[in-house]
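K.L.:
Residue-level listing of the chains:
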Amino acid sequence: MSERRKIEFDYSGVDTDRMRVNVGPQHPSTHGVLRLEVELEGEIVTEVVPHIGYLHRCFEKHAEAMTYPQVIPYIDRMDYISSMNNEWPYVIAIEEMCGIKVPEKVEYIRVICAELNRIANHQIAVATFGLDAGAFTPFLYLFRDREWILNLFERISGGRLLYNYFCVGGVRGDVYPTFKEDCLDIVRQVRATNKEIMDLLIYNHIFVERTANIGILPVDVAINYGCSGPVLRGSGFPYDLRRSEPYSIYDRFDFDVQVGKGEVGTVGDCWDRNIVRMREMEESCKIIEQAVAQMPDTGDVFEAIPKKIRVPKGEIYRAAENPKGELGFYIVSDGGQKPFRVRPRATSFINLSVLPEISKGYMLADLILILGSIDIVLGEVDR
Amino acid sequence: MTQQEIYNILKEKFGDEIIEFSHELPSDPYIVANRSKIDEICLFLRDEENLNFDYLVILSGMDYIEKLGVVYHLYSIKHKHRLTIKVFLSKDDPHIPTVEKIWRSADWHEREAWDMYGIIFDGHHNLIRILCPYDWEGFPLRKDYKTPEEYHGIKVPY
Chain A
4 MSERRKIEFD YSGVDTDRMR VNVGPQHPST HGVLRLEVEL EGEIVTEVVP HIGYLHRCFE
64 KHAEAMTYPQ VIPYIDRMDY ISSMNNEWPY VIAIEEMCGI KVPEKVEYIR VICAELNRIA
124 NHQIAVATFG LDAGAFTPFL YLFRDREWIL NLFERISGGR LLYNYFCVGG VRGDVYPTFK
184 EDCLDIVRQV RATNKEIMDL LIYNHIFVER TANIGILPVD VAINYGCSGP VLRGSGFPYD
244 LRRSEPYSIY DRFDFDVQVG KGEVGTVGDC WDRNIVRMRE MEESCKIIEQ AVAQMPDTGD
304 VFEAIPKKIR VPKGEIYRAA ENPKGELGFY IVSDGGQKPF RVRPRATSFI NLSVLPEISK
364 GYMLADLILI LGSIDIVLGE VDR
Chain B
2 MTQQEIYNIL KEKFGDEIIE FSHELPSDPY IVANRSKIDE ICLFLRDEEN LNFDYLVILS
62 GMDYIEKLGV VYHLYSIKHK HRLTIKVFLS KDDPHIPTVE KIWRSADWHE REAWDMYGII
122 FDGHHNLIRI LCPYDWEGFP LRKDYKTPEE YHGIKVPY
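Sequence order for the protein chains is A and B. Heads up: the first sequence begins at 4 in the numbering used here, then just goes up one per residue. Heads up: the second sequence begins at 2 in the numbering used here, then just goes up one per residue.
Any given hint could turn out to be false.
[Said to hold, decoys possible] A short, non-exhaustive set of chain B residues, derived as facing chain A with CB atoms under 10 Å: (1) Thr3; (2) Leu44; (3) Tyr65; (4) Trp104; (5) Arg105; (6) Asp108; (7) Leu132; (8) Cys133; (9) Pro134; (10) Pro141; (11) Tyr146.
These aren't lab readings, by the way, just hints derived from the structure by calculation. These numbers come from a predicted model, not from an experiment. Backbone N, C-alpha and C fix where the C-beta goes; we use that ideal spot for every residue, glycine too.
Kindly generate the complete structure, drawing on both the sequences and the hints.
P.N.:
Here it is in C-alpha cells:
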C-alpha cells in the first residue's frame, strides 16, 4: 500500500549544517517531561539522545522506608494510567513469599479489573498516537469511552486513576451487585467504538501513509533491547506472559496473542505497534466476557488478607503482563516489616531505550510518531 | 532446563569463577559468580545453543550494607527458562565488566546502577548519570546516603 522508505539524501554539493535541536521537556508530543536532544541534517534525524529523570520521585528509596502494604500507593503512581496492572505483580510476589492462596472470586475480580485497565490504557495509547499523527476526532471518542471504565473503577475502589485496590491476599472492597452487567456494557461500548475507530483512523489512507514503514523495529533488535509488550509483539514475536507463563488464572481463558504482520508496510513499523493495541482491546473484551461468565457470585474477598504481613527472608522476582509490557518486581526481604529492596522492571524505561536505534534516518515529524508508537509514561520511565 | 542444571554446566565450564548455587524456598534460586569474568559468562549464556539467554530481564544494583552487588535476571525466549546471577563487589573497589555489548538493554540499566549505587562498569561507552541531574553528588540508593543540605542554592529537605 505505502511506498515510503528510509530517506537518504545525497548532501554533496549542498551546503548544510548539522543542527542540534531540543525537543521537550515541556512539549505536548513528548507525552510528559521527556527531553530529546536531536541532531538534524536538514529535516532528517541523524542522532537522538533522550534525557530522562525530570519526574524522578525516588520510588526505590521510598519503598525501603515503607512497610509492604504502604508501597502499593507509590506503585500506582509509576504507570499512572494502568495502576491496576501495576499493583498486580507486586502483590503476586509477596503472596508467593508468604504462601498466601487467594480466593477464587478475588482472582476473577483482579482479572476483570486488569483487563479493563488494559483497555483504558490502549485507548489512551491509540488516541494520543492518532493525535500525534494529526487525527483529533478519535481522541475524543476514545476518551469518552474511557470514562465508562474510570466510572466503574471509581465505584469499586474510590479512585479514578490511582486505585490502591489490590492488596496482599485480596482486594480492598467487594464488587457491587450490578458489576457484571456494567462490565458487559463497557465491552459492548468498546467494541462499537473500536469498529468505528478502525474505519475512522486505522485504515484511513492519510494515517496509513503517515505511519506505515516508519520506525521499523526488527525482532532481533527488539529482543536484544529487552522490549516487551506491544512493542515486541508489533515486531511479529508472540511473547505474552499471560500465555507463555500464565500467572493467576490466565490459563482458563481463551484468547489470541496478537502480533504485527506488516499488513500495510513492513513488520515492526509504527502502524503494526498500533494495530496490536487495537486488537488487544478485543482480546481483553473476550477475556472479560469469559471471566464474567465464570466468576462466582458468592465468596468472601477479605478472608485471605493477613492481619500482619510477615515476609520471610529471601528474594523473589515476579512479573505480569502490563499493557505496556512485562512489569516485574524484584523484592528482597530481610525478614523485617519493611522491604530491603524493591526494584521494579519499569517497562517504559526499557522500551524507551530503543528509540535512538529506530528513529535514525527518518524525518523529525516521524520521530514524534515513533515516540508515540512506543507508548511511554514518564512516571514509569523516571519512577 | 532447571537452574541446578545450568549451574552444573557453568561450573564445569568456568570452574572457580562460579561460587555457589542457592535454593532456599520460598526464595527464587540464584547463582553467585565472581566479577572478573562476568562478561564472558554472560556471553556464553547468551550464545550457547541449549541455554540461549537472549533476554536480559533486569539488571539491578544492590547495597548489602557491608558490600555492593549486581543482580542479573535472565530469560530465554526460546527455551522459556530463567536464571538469576548475583555478583558481590566490595565498597572500596566497585568495578565490574560491562555487559552492554551482549544485551543492549544493559546500557541504561548500568547507567542507573552507577547513578544510584556508584558501581563502575568497566568498558561502558557512556557511563553518566541517568535519573539524577548530571552534576548530582553521591549515590542516593546506598543505605548510608545522607541527603545534601542544598542543590544549587535550593534547599533539598523542604
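K.L.:
Hints the structure violates: just list their numbers, smallest first.
P.N.:
Violated hints: 1, 2; rest satisfied.
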